[in-house]
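Number of protein chains: 2
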Amino acid sequence: MEIFDEKTEYLEGIGKKARRAEAVMRILDTEKKNEALKLCAKALTDNADSILSANEEDLITARENGMKESMIDRLKLTKERIEAMAEGLIQVCDLPDPVGHVLESFERPNGLKIERVSVPLGVVGIIYESRPNVTADAFALTFKSGNVTVLKGGSDAIKSNGAIVKVLRQTLKDNGFVEDALLFIDSTDRAVTTAFMKMNRYIDVLIPRGGAGLIRAAVENATIPVIETGTGNCHVYVDESADCDMAVKIIHNAKTQRLGVCNACESLVIHEKIADKVIPMICADLKSAGIEIRGDEKTRRIIDDIKAATDEDYYTEYADAIISVCIVGSLSEAIEHINAHSTHHSEAIVTNDEASAERFLNEVDSAAVYVNASTRFTDGFEFGFGAEIGISTQKLHARGPMGLRELTSYKFKIRGTGQVRG
Amino acid sequence: MEIFDEKTEYLEGIGKKARRAEAVMRILDTEKKNEALKLCAKALTDNADSILSANEEDLITARENGMKESMIDRLKLTKERIEAMAEGLIQVCDLPDPVGHVLESFERPNGLKIERVSVPLGVVGIIYESRPNVTADAFALTFKSGNVTVLKGGSDAIKSNGAIVKVLRQTLKDNGFVEDALLFIDSTDRAVTTAFMKMNRYIDVLIPRGGAGLIRAAVENATIPVIETGTGNCHVYVDESADCDMAVKIIHNAKTQRLGVCNACESLVIHEKIADKVIPMICADLKSAGIEIRGDEKTRRIIDDIKAATDEDYYTEYADAIISVCIVGSLSEAIEHINAHSTHHSEAIVTNDEASAERFLNEVDSAAVYVNASTRFTDGFEFGFGAEIGISTQKLHARGPMGLRELTSYKFKIRGTGQVRG
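If you read the sequences in order, they're chains A and B.
Just so we're aligned: 277 in numbering that gives the first Met the number 0 is position 278 of the first sequence, and the numbers increase by one with no gaps anywhere.
Just so we're aligned: 277 in numbering that gives the first Met the number 0 is position 278 of the second sequence, and the numbers increase by one with no gaps anywhere.
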């Protein structure tokens, strides 16, 4: 830890800047924060050309490295995408400031007046992959919530991210704001990323945004508190009393509306009393949408031209045109199967039985539990939070979609008149 | 990770039991939980003899190992101490159940009804040192909040802890409750403790309770989310407008009332305009209470018979009869010094100036910030929470004293009528 090599020195420098900026950001008022975000939005549009030419460099490298076209598309910026980033900053201005709210207040018998007040988390580290728009999005949300952000983006997008950060920091500086509210780790060295995850002295919270591999690396290596986000092995359970047409419609939406997202349905659980009727309907619908179905033995007795599902299938977030199916004998068995295999992100029951619905809501241990609705609604915008930094699948701090409020902590302010403890 | 040696198998077994018990605890109602706690309280008193004889074995080993008498006292149980543990369980019955509260509810334009509801954290791991009473205290709080607890106590108290756990588990079992709501790692092997800290699949949250070494080991080794508790390098700042008598009284209480506790004052920051007057008063008082004072150069110009403080002193939580002092030129300098050296636990300002008080409350980045009161009040009981599992010094999840509410998470329950995402 105390080896002052070049990398350590570089990260220490960033950490110290972050802590200094934190003291300024902590007390910046709402009007000022909104003013800065508006100026930054304008600067992004005004400097689109420099961002696009940096992005072009990333794209050339990516093509040289043989990146898949679907990944190239994630990396690619256009005038329209930059305008969308700017628009995102403006939208965050309109959201309420989550800092400085008195969450509760009470007086003790000894006369101490205690207030619990929302405050910024402090310095938030964000590690993400190849989408450059995350750079502007993450800045907007953390800035509005009074935090300092240290960004570590994917190597593929390093020039694009660097160009966006440069525009934002310059705008802050030119307008009298603390430019170090946004810091950027300009390195593609994995050792730097690992060291970054252990900067407890300077970083209060680490939010990894990306695939399962990135999340696992953060959980396993970080000593900074991590908010685990994103992985979703989401289930839809069709109860014996379900409306079959509704089940087909919800499953179609949950599985096919967007394949690669964390709130997409990956596994179906069907009550045996409705299986003969509903499984052929669901399978016909999914097959016509190009989805491969993998089922247990009971399912294959109803539909015989599908692949067998292994136990591993039931643990898998495909993020692809594949779905697993199994048949259960009861609601209890369904709940047990889901709790054992789920990543505790989002699960839904389709039912017309209120008691079953309530049991499912209470006993399924996931961030978002639905009755008669698609799992695709687990999203900060769909929940009306106006923004989203990620979807937490852990129980500590925040669970489910995280908006501005989830980027705050609190402190106790205690006002006395000389009280001492007896 | 997949090496199935004996230790791994032992911990895996405990993990699986914990997850099975979690499903039962999650839906146990308040009345049942209180009934179990009352039965456990009675059982502790009824079985005091077996607990005391196990404790005697620990004490013999401790004396053979040359344990200090102050530590022996922490380890020692008596009939009275066992009655106090039982009384603790009864007190927790009277506290409100933190589970099942609708924290907010709203309807979306598409008709989805969304509720945010408090739920248990799930499985809570607690690592602690030599006080056997923590075993019963931690059980009471986690059980009342619907959690399963896996305890790993200190080696010194292993027989005592084992005996207490045996009584509690037997009582749960005999009365139809799930005995695995309380699990105990009966091992003194450090490798087992380290493996325990990485059981993400089975444990949702890890709370280390103990000294700085234990906390550091948890933060550095755990892959489970940790709630950092306890270490307190707490400051009292005497502003230029302070009432000097009040300053002496508050500092006396904050430093001397109990030396080894985390909310004790370890460092004084004095405004230079009041230093000549107040420092001799404070030093006379502290010296007569047997406290060693270490000061910066400016302080030593006022009081010359004290030791010089090094920079390290200002970072140190002595937990002993020592205090550091420094003189600053302004409130800003005081805030900067405190934020740079504090562990962000509890800090106080003594002042008659309201603007200074507000600045201190807003700008000092600690869990509890006081105006004209002793730092010793940072405590779940003193705050009126009725209980305390620890004092968080991190910003994620909970900050400051943690009671029953802080042992919960939340989930979203969403009720629809067939909604799908457009």
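It is worth saying that the hints were derived from the structure and are not from the lab.
Any given hint could be a false lead.
[Claimed, not checked] Okay, the calculated beta carbon distance ranges per label pair:
id, chain 1, residue 1, chain 2, residue 2, range
1, B, G259, A, A190, 37 to 45 Å
2, A, G210, B, T193, 44 to 52 Å
3, A, D310, B, Y314, 31 to 39 Å
4, A, G12, B, Y314, 14 to 22 Å
5, B, E106, A, D319, 42 to 50 Å
A virtual CB, placed ideally from N, CA and C, is assigned to each residue, including glycine.
Hints, one by one, checked against the model:
1. In this structure the supplied range 37 to 45 Å holds for G259/B paired with A190/A, their Cβ-Cβ distance being about 40 Å.
2. A beta carbon spacing of about 28 Å between G210/A and T193/B contradicts the range 44 to 52 Å that was offered as a hint.
3. At roughly 52 Å, the beta-carbon separation of D310/A and Y314/B lies outside the given 31 to 39 Å, and the hint is violated.
4. Range check, G12/A to Y314/B: Cβ separation about 20 Å, and the 14 to 22 Å hint holds.
5. Our hint of 42 to 50 Å for E106/B and D319/A is violated, since their Cβ atoms are close to 34 Å apart.
In the structure shown, a violation is registered for the earlier hints numbered 2, 3 and 5, in ascending order.
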